[in-house]
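Using the working numbering, read the sequence shown as starting at 1 and increasing by one per residue.
Derived by calculation from the structure, the hints in this document are not laboratory data.
These numbers were taken from a predicted model, which means no experiment stands behind them.
Glycine included, each C-beta is placed from N, C-alpha and C at the ideal position.
Be aware that a few hints might be false.
Claimed, not checked - Listed next, the in silico EDC-like pairs over lysine to aspartate or glutamate satisfying Cα-Cα at most 16 Å (straight line):
id, residue 1, residue 2
1, K87, E49
2, K61, E31
3, K82, E110
4, K14, D116
5, K27, D12
6, K83, E111
7, K83, E49
8, K47, E31
9, K58, E24
10, K14, E99
11, K16, D116
12, K61, E86
13, K82, E49
14, K82, E111
15, K119, E24
16, K61, E24
17, K119, D12
18, K107, E86
Claimed, not checked - Computed Cβ-Cβ distance ranges for the label pairs, DEER-style:
id, residue 1, residue 2, range
19, K61, L10, 19 to 25 Å
20, R48, G21, 21 to 27 Å
21, A17, I60, 17 to 23 Å
22, I50, K119, 21 to 27 Å
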Amino acid sequence: MNEAETRAELIDPKLKACGWGVVEGSKVLREYNITAGKIQTGGGRGKREIADYMLVYKGIKLAVVEAKSAALEVGEGVMQAKKYAEKLKLQTTYSSNGEAIYQICMKTGEEGLVTDFFKP
1 MNEAETRAEL IDPKLKACGW GVVEGSKVLR EYNITAGKIQ TGGGRGKREI
51 ADYMLVYKGI KLAVVEAKSA ALEVGEGVMQ AKKYAEKLKL QTTYSSNGEA
101 IYQICMKTGE EGLVTDFFKP
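Generate the whole structure from the sequences, applying the supplied hints.
This is the structure we're talking about:
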């Protein structure tokens, strides 16, 4: 199962089951643009950074979710998730391969496997 299939078949339903996009005031933004890519010499742009999901409640950005293919280990997206959370100054971030969810608290440094995403 590739990353797009993992997102559609495994991660999207888990987010919905936790209330994201269902509970009033909650949104799941997909392909969230973190950086547009710096303009470089010659007018070209550098590499864009895009989070797979941004969880928003009542207009407040709460967490990013970095998705990886179900064929990969859940830890494959941890460094990327941390980098995005740091840039966006978010307290919580996740990495998920659809089979497992790894949560990181950027404030306390606590991290580990959880059974669900937090609820809005």
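Each hint tested on the structure:
no., hint, result
1, K87 <-> E49, "holds, 10 Å"
2, K61 <-> E31, "holds, 14 Å"
3, K82 <-> E110, "holds, 12 Å"
4, K14 <-> D116, "holds, 7 Å"
5, K27 <-> D12, "holds, 12 Å"
6, K83 <-> E111, "holds, 14 Å"
7, K83 <-> E49, "holds, 10 Å"
8, K47 <-> E31, "holds, 14 Å"
9, K58 <-> E24, "holds, 8 Å"
10, K14 <-> E99, "holds, 10 Å"
11, K16 <-> D116, "holds, 11 Å"
12, K61 <-> E86, "holds, 13 Å"
13, K82 <-> E49, "holds, 13 Å"
14, K82 <-> E111, "holds, 11 Å"
15, K119 <-> E24, "holds, 12 Å"
16, K61 <-> E24, "holds, 15 Å"
17, K119 <-> D12, "holds, 14 Å"
18, K107 <-> E86, "holds, 10 Å"
19, K61 <-> L10: 19 to 25 Å, "holds, 23 Å"
20, R48 <-> G21: 21 to 27 Å, "holds, 24 Å"
21, A17 <-> I60: 17 to 23 Å, "holds, 22 Å"
22, I50 <-> K119: 21 to 27 Å, "holds, 25 Å"
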